[in-house]
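Engineer: Sequence:
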Amino acid sequence: MDFYGSVPSALSIACSEIRDKMASDLWSGSPLDLALLVVQKLFNNSQVDLLSVFQSSCENEFEQTIDLIGTSSSAFKALIESYGDQTFEHFIESFCKHLEHSRCDLPPRLVDNSVYMYLLADYVCFMMPIDSLDGSREYRTEMPTKGFSSGNICISSPLRLFNEDALQRYSLSPTKNSLQTLHSFSQSLSPHFVSFICIVVKTLCSLAAWPSEYRLNALRYVVKQYHLFVLARSDSGALAHVKSQLLHNPPFVDHLYDFLCCMFTKWPDTPKFAAVFGKMLTVVIPYTEVWLTWIRPWRYSQEDSGSETQRMQSFIECNRRFYVDLTDAFFQRSLHLDNPESVLALRSYLAVIVSEPLQKAYRSLDYDLEGPIMKVGVITAKWADYSRRLIADKHERLKKQGWFSRLVNASENEAELRKLNATVTELDSLAHSIADAGSTTTKMLLSAEAIVPSYVLDKSPQSFSSTKPIPDHYVDSRTKFMRLTDLGRKQIRRGTHRFDLSRCLESVPPLLAPRRSDEVWWLAKLLYRLSCFMNQTALIIHLSHTYYDCSFTGMVARRILDPAYPHTVVPAFSKTVFVMKPAINFRRFAQYKYVAPTCVFIILIFFLPFRFAFAVFFPFIVLAALS
Numbered sequence: 000m001d002f003y004g005s006v007p008s009a010l011s012i013a014c015s016e017i018r019d020k021m022a023s024d025l026w027s028g029s030p031l032d033l034a035l036l037v038v039q040k041l042f043n044n045s046q047v048d049l050l051s052v053f054q055s056s057c058e059n060e061f062e063q064t065i066d067l068i069g070t071s072s073s074a075f076k077a078l079i080e081s082y083g084d085q086t087f088e089h090f091i092e093s094f095c096k097h098l099e100h101s102r103c104d105l106p107p108r109l110v111d112n113s114v115y116m117y118l119l120a121d122y123v124c125f126m127m128p129i130d131s132l133d134g135s136r137e138y139r140t141e142m143p144t145k146g147f148s149s150g151n152i153c154i155s156s157p158l159r160l161f162n163e164d165a166l167q168r169y170s171l172s173p174t175k176n177s178l179q180t181l182h183s184f185s186q187s188l189s190p191h192f193v194s195f196i197c198i199v200v201k202t203l204c205s206l207a208a209w210p211s212e213y214r215l216n217a218l219r220y221v222v223k224q225y226h227l228f229v230l231a232r233s234d235s236g237a238l239a240h241v242k243s244q245l246l247h248n249p250p251f252v253d254h255l256y257d258f259l260c261c262m263f264t265k266w267p268d269t270p271k272f273a274a275v276f277g278k279m280l281t282v283v284i285p286y287t288e289v290w291l292t293w294i295r296p297w298r299y300s301q302e303d304s305g306s307e308t309q310r311m312q313s314f315i316e317c318n319r320r321f322y323v324d325l326t327d328a329f330f331q332r333s334l335h336l337d338n339p340e341s342v343l344a345l346r347s348y349l350a351v352i353v354s355e356p357l358q359k360a361y362r363s364l365d366y367d368l369e370g371p372i373m374k375v376g377v378i379t380a381k382w383a384d385y386s387r388r389l390i391a392d393k394h395e396r397l398k399k400q401g402w403f404s405r406l407v408n409a410s411e412n413e414a415e416l417r418k419l420n421a422t423v424t425e426l427d428s429l430a431h432s433i434a435d436a437g438s439t440t441t442k443m444l445l446s447a448e449a450i451v452p453s454y455v456l457d458k459s460p461q462s463f464s465s466t467k468p469i470p471d472h473y474v475d476s477r478t479k480f481m482r483l484t485d486l487g488r489k490q491i492r493r494g495t496h497r498f499d500l501s502r503c504l505e506s507v508p509p510l511l512a513p514r515r516s517d518e519v520w521w522l523a524k525l526l527y528r529l530s531c532f533m534n535q536t537a538l539i540i541h542l543s544h545t546y547y548d549c550s551f552t553g554m555v556a557r558r559i560l561d562p563a564y565p566h567t568v569v570p571a572f573s574k575t576v577f578v579m580k581p582a583i584n585f586r587r588f589a590q591y592k593y594v595a596p597t598c599v600f601i602i603l604i605f606f607l608p609f610r611f612a613f614a615v616f617f618p619f620i621v622l623a624a625l626s
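Counting in numbering that gives the first Met the number 0, the sequence shown runs from 0 upward without gaps.
A few of these clues could be false.
Computed Cβ-Cβ distance ranges for the label pairs, DEER-style [as the list claims (entries may be wrong)]:
#1 L486 <-> C549: 31 to 37 Å
#2 T264 <-> P107: 22 to 28 Å
#3 E415 <-> L511: 22 to 28 Å
#4 I469 <-> F330: 41 to 47 Å
#5 E369 <-> L511: 45 to 51 Å
#6 R558 <-> S55: 24 to 30 Å
#7 L603 <-> S333: 50 to 56 Å
#8 T495 <-> R558: 41 to 47 Å
#9 D475 <-> G401: 26 to 32 Å
When the alpha-carbon atoms are kept at most 20 Å apart in a straight line, the in silico PhoX-like pairs for lysine-lysine are as follows [claimed, not checked]:
#10 K418 <-> K393
#11 K393 <-> K374
#12 K223 <-> K242
#13 K201 <-> K96
#14 K96 <-> K20
#15 K374 <-> K418
#16 K524 <-> K418
#17 K265 <-> K242
#18 K489 <-> K524
#19 K20 <-> K76
#20 K489 <-> K265
For the record, the hints were derived by calculation from the structure and aren't laboratory data. As the structure is a computational prediction, the values presented were derived from the model and not from experiment. Idealized CB from N, CA, C, for every residue including glycine.
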């Protein structure tokens, strides 16, 4: 506890312990032992979360962490100079797994400024320098290189990239003379680069858990820096040959492909697919941005010549499956275009793949984009027609509602109609854009005057969802999650079964939901506290236990209490689950549709006789409360 009475964080305590050991004369371990202690205290400590540490954090935690394990620290020097790969691999694995074990729930744009992302950039730029002088530090030129003579080939990188055992260990697939080219340098190059890049990409591409947006952003950064490194100019012909092999034969390419393929085929068929795109034009879709970063290396090239064009073409041919198979996987997905964000995401994606450089890449691979895009245009027209029917149905229902119901639900109805109209506008705009860019057949099918054929409109948009059976699973009694059995995992891998994720409940309990725009904030806060207090009383606890009973008490409980959450069984693809027993919720009365009639009633009491006012307005208040 400091002077002001605040308790130091777990990170501050860990940093203090490490500094005390470094300053102690009683420490008998080697510098490598001290480096492993730093890794254990900072990366493998469940109480330390480096994604939540920023430059504005108290007690200089940001600077302390960099001093202890940054690339300029003695601990990092000991790890990078360690003999063999095991110690270095343990360090990199611990660092990467810290990201997945993090409990941080801050917005990704804030986490990008955390000390963890700073360390990731520091390590990546150290291991994959773009230029020998760029960001170099004094000790980099002093690193020992065993068995290397200055009279041999001069390599401008501060690290030695490959060794014979590294090639065998990570099974670098041979292409044109790749092994022969690299074999001549095997006596002078270090394996740490291969260890680093393979472990980082393999860990970030792990399918053991659903990837967080932090992990996707980190993976995209690593892929981008890899392109910058292998495409950077090199004065040494030897290093240029090595980088050429790294460009055409990345040792981690299979892990990256499996990860992206899984993301395209297994991501839920819900509007959330639109919310996971990367920073393209208007929407954010992280894993697709990883893919687009990988298949567009020319964005990171410093040259514009014939030789560079040949290098890019060779890269495209070596990575054919990233262009053809993953593009097919996207177009085979079910498209849910029931909100403007989904349509904007699809438009952003199409705008990128029809750009001139990617068009050339697809043409060189004899891949026809017009057919899949025409199908997208058909589906877009179908969704536009379906959305217009929804608007018409909504207007019909509004006409049948009474004036009081329209008054009470005016804001909700207006918001729903505004969303539907915006969706139709975006769908029409996208369909017209596809028609303008397509062939005569596409224009005839998607023009404003043309009628969408019956074979397109014979089903509702919901029919696009998968009809595959549900895999073998069991339901967790506490969270109501569907958990896959071993047989279910095999069924998922074979692609014969899948969950219907469109039925998943994604809302949080109304009592715990964030502040709404249609409620009085201070009244909502007050009623929330009142609800929490009432839910701890014996009466409400008893009603909660009898919520599902077929009795009079159970009927009363179901009438006045909110249901338990989650109240549907859901596949376990979300990390955040809101669990709540049946509880009373007074917070609903903070909404304007309840506050407004109550205020009107209270005001009119002062102008009308009490009995008359009560008789006139009480039925309306009851109806509003029961709606």
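Engineer: Which numbered hints turn out to be false for this structure?
Structural biologist: Result: hints 4, 6, 9, 11, 14, 15, 16, 17, 18 break, sorted rising.
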